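Work the whole structure out from these sequences, hints included.
There are 4 protein chains.
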Amino acid sequence: MEKKQLRIGLIGCGFMGRTHTNGYKRVGDFFPALQYRPVLQAACARNEDSVKAFAEQWGYASYETDWRKLVLRDDIDAVDICTPNDTHAEIARAAAAAGKMVLCEKPLARDLQESQGMVDAIAKAGVANTVWYNYRRIPAVTLAKQIIASGKLGKIFHYRAQFLQDWTINANLPQGGTGLWRMDAAVSGSGVLGDLLAHCIDTAMWLNGGISDVNGMTETFVKERMHQVTGKMQEVTIDDACSFMCRFNNGSLGLFESTRYARGHKALYTFEINGADASIRWDLHDLNRLQYFDNSDESIVRGWRSIHVTDGDQPYMNKWWVPGLGIGYEHSFVHQVADFLESLETGKNCSPTFAEAHETQKVCQAVFDSAHSGSWKRTGI
Amino acid sequence: MEKKQLRIGLIGCGFMGRTHTNGYKRVGDFFPALQYRPVLQAACARNEDSVKAFAEQWGYASYETDWRKLVLRDDIDAVDICTPNDTHAEIARAAAAAGKMVLCEKPLARDLQESQGMVDAIAKAGVANTVWYNYRRIPAVTLAKQIIASGKLGKIFHYRAQFLQDWTINANLPQGGTGLWRMDAAVSGSGVLGDLLAHCIDTAMWLNGGISDVNGMTETFVKERMHQVTGKMQEVTIDDACSFMCRFNNGSLGLFESTRYARGHKALYTFEINGADASIRWDLHDLNRLQYFDNSDESIVRGWRSIHVTDGDQPYMNKWWVPGLGIGYEHSFVHQVADFLESLETGKNCSPTFAEAHETQKVCQAVFDSAHSGSWKRTGI
Amino acid sequence: MEKKQLRIGLIGCGFMGRTHTNGYKRVGDFFPALQYRPVLQAACARNEDSVKAFAEQWGYASYETDWRKLVLRDDIDAVDICTPNDTHAEIARAAAAAGKMVLCEKPLARDLQESQGMVDAIAKAGVANTVWYNYRRIPAVTLAKQIIASGKLGKIFHYRAQFLQDWTINANLPQGGTGLWRMDAAVSGSGVLGDLLAHCIDTAMWLNGGISDVNGMTETFVKERMHQVTGKMQEVTIDDACSFMCRFNNGSLGLFESTRYARGHKALYTFEINGADASIRWDLHDLNRLQYFDNSDESIVRGWRSIHVTDGDQPYMNKWWVPGLGIGYEHSFVHQVADFLESLETGKNCSPTFAEAHETQKVCQAVFDSAHSGSWKRTGI
Amino acid sequence: MEKKQLRIGLIGCGFMGRTHTNGYKRVGDFFPALQYRPVLQAACARNEDSVKAFAEQWGYASYETDWRKLVLRDDIDAVDICTPNDTHAEIARAAAAAGKMVLCEKPLARDLQESQGMVDAIAKAGVANTVWYNYRRIPAVTLAKQIIASGKLGKIFHYRAQFLQDWTINANLPQGGTGLWRMDAAVSGSGVLGDLLAHCIDTAMWLNGGISDVNGMTETFVKERMHQVTGKMQEVTIDDACSFMCRFNNGSLGLFESTRYARGHKALYTFEINGADASIRWDLHDLNRLQYFDNSDESIVRGWRSIHVTDGDQPYMNKWWVPGLGIGYEHSFVHQVADFLESLETGKNCSPTFAEAHETQKVCQAVFDSAHSGSWKRTGI
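Chains as they are written, first to last, in our numbering: chain A, 1 to 381; chain B, 1 to 381; chain C, 1 to 381; chain D, 1 to 381.
Treat the hints loosely; a few may be bogus.
Note that identical chains are pooled: a pair holds if it fits in a single copy or bridges any two copies.
[Stated by the list, open to error] Derived lysine-lysine pairs resembling DSSO-like cross-links, with alpha carbons at most 27 angstroms apart: (1) K4 - K25; (2) K25 - K3; (3) K152 - K223; (4) K266 - K155; (5) K319 - K145; (6) K223 - K266; (7) K25 - K52; (8) K25 - K319; (9) K52 - K319; (10) K266 - K145; (11) K124 - K69; (12) K223 - K155; (13) K266 - K152; (14) K69 - K25; (15) K232 - K155; (16) K348 - K124; (17) K319 - K4; (18) K124 - K4; (19) K145 - K155; (20) K3 - K319.
Note that these hints are calculated values from the structure, not bench results. From a predicted model like this one, the values you see are computed outputs, not experimental measurements.
This is the structure we're talking about:
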């Protein structure tokens, strides 16, 4: 069967550039029935040596050092934005204006104003789009969605999530510049709020519906750090930690926490949802497992089930190996590529779209505002 | 060696009456070096049949049906209050006025005004006293205290705790009356705030110092329940769930949650504390274990340690069996009895005293006020 | 209700003397409906200072230093044997001959000949008897028995058990004498085979029926140790480690291992049983939990269930606290006392009887013989 | 940098054909510094439709339906054998004779005679070779090797491993033919012994040295199954379960078990090694974790460490993502490809070689013989 080509122009060749590229390269091997095949047409980054090496290593057919050129190239069908947050909006708007499909790393933008402009541009252009909230497509998380959708949980009472890291505890770690732009709010928009909590919020609203009201707090534990670009000690402008309480539209309560100061946790993203009839827990560190408690089990043998999500009837797993053999973090990106390609066949959206990711921005903005005012804020959702 | 007698008058013969009595009966077997021995002098409850049966079963030498008589008896050295919360204050004040030592179940009182009166009465009488925040004396929790006191954690960034139950999800469960007074705020003062969060707060301030500011929320999921006393459907006045964010005096952030609507959790009290150098976690469902992460471990073999707290050099464990053989929930009460008896020898306080438990009341009150105002509250601590 | 007295004469005041005594003292508080009440009539040990102190600490009404006197006392109804293994047989026979009920620590005897004599003496005397294979009465283990009896597992294919300790790794640890008689085969009969594997075998045959054929191996890692009694370096005569493969009468295969050289394991007794339809696992270090896998669960949410065995409808747990609050190792002895007392009411045996424990001895003997011959042995069961 | 090509001829396009091919395709992206690059030159299988589709899906430049042709092609540098076990020997000998490098799936052969012939042929040809015992290269397993090599464990006392599956419990599952050749001993040589235990034995001897003596047992639970090729009910000739006890040359004891009848376990490969000073455990179902107990830890905070093997200083992990983000089963094959390519640069062997895998065959053969004779067997190692 002849495949249709989807020529990718990737902007940003860092960590996310690698995860996305790997997704493009593997999708054909494991999802052979899809009609579209990604083609690594061009990679783009400002530093020519870097982008050239990246393109060679991963097999991009060409490279650019100016993203403005890339988004206008005729041989590019889709622009994938893997750059720091401060450039998402401008690139996305330009790519949409050029009629390209747009795939954008999360968070969508630094603030609600930026993301609104992006949503408008996408809507006006009418191009296919998606935002890389990849955790939705960890099979165990997708299974959680299926279980909830089946009604097994009954009325929901509680949702809680945390994203705990420990990599910035050292006060001598600098801020800003290559590899550390996430610590400079001018570039990133915020600290853990946009970097970590945004993931938690995306998953939460996908699984449990809209968040209507929030009440948050933030803290910056290390007040000054040397800035890599200026070489000077400067005030740290990001939030090192951010928590919030919230209410969902379905009447359930939420509790969220994120930090980069939780010693012992590398990337501990967990969520738990409690319904009247059943509950679910998940943990990124053991990503192939889903914890499930079903109150309808016979009383004396009732307990939390540790589901090893590696069977062929579980989400995405018929594409990989055999029961018991786990997959990893990177596969979530392969799945999102596959779903994006499939959306091109079906004409349906590949969730989360820019519009959906904008809803997550609304919650982030309300948390930010709430933390600064010390009071509850409506999200408008 | 001749032992000194400590003649106990126990008021309230329910669940807590059993746990305390078991503590009095076992302490001599396992802490033989203590100079004092509890004597089960009298049990007291309003229903004569019940209290008589209780006294016979457990071996109390006598019984009373009027606590006012009991607190005045010359043959009673210490009054132990195991009654519903609405009677704590009056009994404690009367017992103190009669010169008795006072041991009181938690929470100390229904509100801050009541607890202030109790603290004043105890101070005036100058009698030995303690409040049964028993979880401090689970060996793994006591070990956590030792580890923190040793400085192993370094500067503290985060403290989080939850107490999750699921026993009131059924909307047909009545409120109030025997066995269910915890669901009637007129008797209990609050719902999960005083019943569950108070435990979390007591442990937290013991381990991590004072909480200065709080921001809470509460919810009552089931709005009306049949009242066992009146036989009528009545508004539910307790909080079914209560969460709060807070700041500790040491600069760390706290996050607390409690509920009786978390399907799958019977009595899941957990806490975690993250320091710059090490972290600790604990979980009541696996109470003999303490999780510990030490960043000074060699990098390639660093990981959370699951410490089975059953060795003779760990708190209290030289009194029990041999390494690997766990103890249970009830032992925490035996330990508190032992420590109370020892305090009579040493003249030191048996923590938490009424004064310390009053600090916990301050936090509870501030959480309550905060939840109703939707804003941050100072605890005054 | 007037209770009938069961006057206990306890012989041996070491670790097991404590666990049994605690059982006698607590059973009335937690099993109040039983008609019999143990009375601590006399404790017996050779060293007068020790036994006197023990009797005082635990509340025995009298003491003896000669067990021959104790077993003949008219005011003793039941003799409880907690002495080293080399005296079990003689005491048991004498006690039975004197018409006393006999409760004996495990293993029943040092070898098959001894245990046969004990079984014969008990049968001749027709007295109530039981052997303290206490792990059967950990609630999670009893629940395993119930689940298996209900047929949930279907045809059984596999049974595996291990009992791993690490307390004798140090080559400077002496052998023999007080506290270390378990390391002298002249006293103990064997090493881990009788001490640890006997527990595993008892549970296994209770849960899965008779073991017909065995093939074992043993090892003594430290060949010589200083003997505490002689003060000399002597050959170590016990097995430090013992494993065996076996076949059960029901066609399933078994694999057993025990050692005192498994660094990191204090007293890790685990078993697992795999049936066509379901499987069960248990672990003494987390004794309140039972792991259960039920293949009839819906496929996408199927997984091992972690059952927290603390609910009132689970074995023995309606006697203790409330759901979620665990009990400990010592409770297994309270349960055996309760069941023994109940057996006096009902006239039924309190399993395991001497006759049942003799079956375990048969397997131990066959494992021992097999290890020495290097070939399969029939147990005769 | 110009890369050298390694032109691969893959024989067998089933499950293992996929895992190996994925390894070849990804190695360049994640191990860019290697001088060699695999080129997917030709795939080979008997069914033309299948092999053509496979070649298209995965990107092989050509295909063959006769392996004899493939091994003689001038444009093939290395032959990778992914066929059923009964063809390994003939293909390997032919490939070696043609001067090709040979990579062979495990087990090397059906019996010791076959594997001896293969080792001889490889030695004579002097070609690079490796056998796909892939689990060595799960990072946590490689880390175990490093820890052991560092001496941290001290003298070793015990090694135990199990490989538990449950996929053949259904008696209606046929045997033999496509997808089920592992259940026909004529093709596979044995059942779980060669399929599962061979992995355990390979890892064990890599980590703990040679196994000198074994004593095994086997069982075939379902005696007859419909054969897919003949369409008739036929005797099942494989072992459904196989266990063995053993002694290592270093004086430690081993216990091994494998089965396809352990309900609840998909592919539970676990091993544990106990040394005087430290112990290690691993479990394929949670493959990113390594459990480690170090007795030199301070006593009160000593416990099993759960090491999340995802940091850059842990084996292979600097090639993938960031700390906390796990990888999967398939990565072990990528690592073996990388190490094979590196071995071409360095001239060192890529372990396990045919000669090393032949040692594993010796143990398998001795276990087989032992199970049939009911007695201990020397392996000759």
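Hint by hint, here is what the structure shows:
no., hint, in the structure
1, K4 - K25, "both (15 angstroms within a copy, 21 angstroms between copies)"
2, K25 - K3, "both (14 angstroms within a copy, 20 angstroms between copies)"
3, K152 - K223, "between (46 angstroms within a copy, 24 angstroms between copies)"
4, K266 - K155, "between (33 angstroms within a copy, 19 angstroms between copies)"
5, K319 - K145, "within (19 angstroms within a copy, 32 angstroms between copies)"
6, K223 - K266, "within (22 angstroms within a copy, 41 angstroms between copies)"
7, K25 - K52, "both (18 angstroms within a copy, 21 angstroms between copies)"
8, K25 - K319, "both (15 angstroms within a copy, 17 angstroms between copies)"
9, K52 - K319, "between (33 angstroms within a copy, 19 angstroms between copies)"
10, K266 - K145, "both (25 angstroms within a copy, 24 angstroms between copies)"
11, K124 - K69, "within (21 angstroms within a copy, 59 angstroms between copies)"
12, K223 - K155, "between (43 angstroms within a copy, 15 angstroms between copies)"
13, K266 - K152, "between (32 angstroms within a copy, 20 angstroms between copies)"
14, K69 - K25, "within (24 angstroms within a copy, 31 angstroms between copies)"
15, K232 - K155, "between (53 angstroms within a copy, 25 angstroms between copies)"
16, K348 - K124, "within (17 angstroms within a copy, 61 angstroms between copies)"
17, K319 - K4, "within (21 angstroms within a copy, 32 angstroms between copies)"
18, K124 - K4, "within (25 angstroms within a copy, 49 angstroms between copies)"
19, K145 - K155, "within (15 angstroms within a copy, 36 angstroms between copies)"
20, K3 - K319, "within (19 angstroms within a copy, 31 angstroms between copies)"
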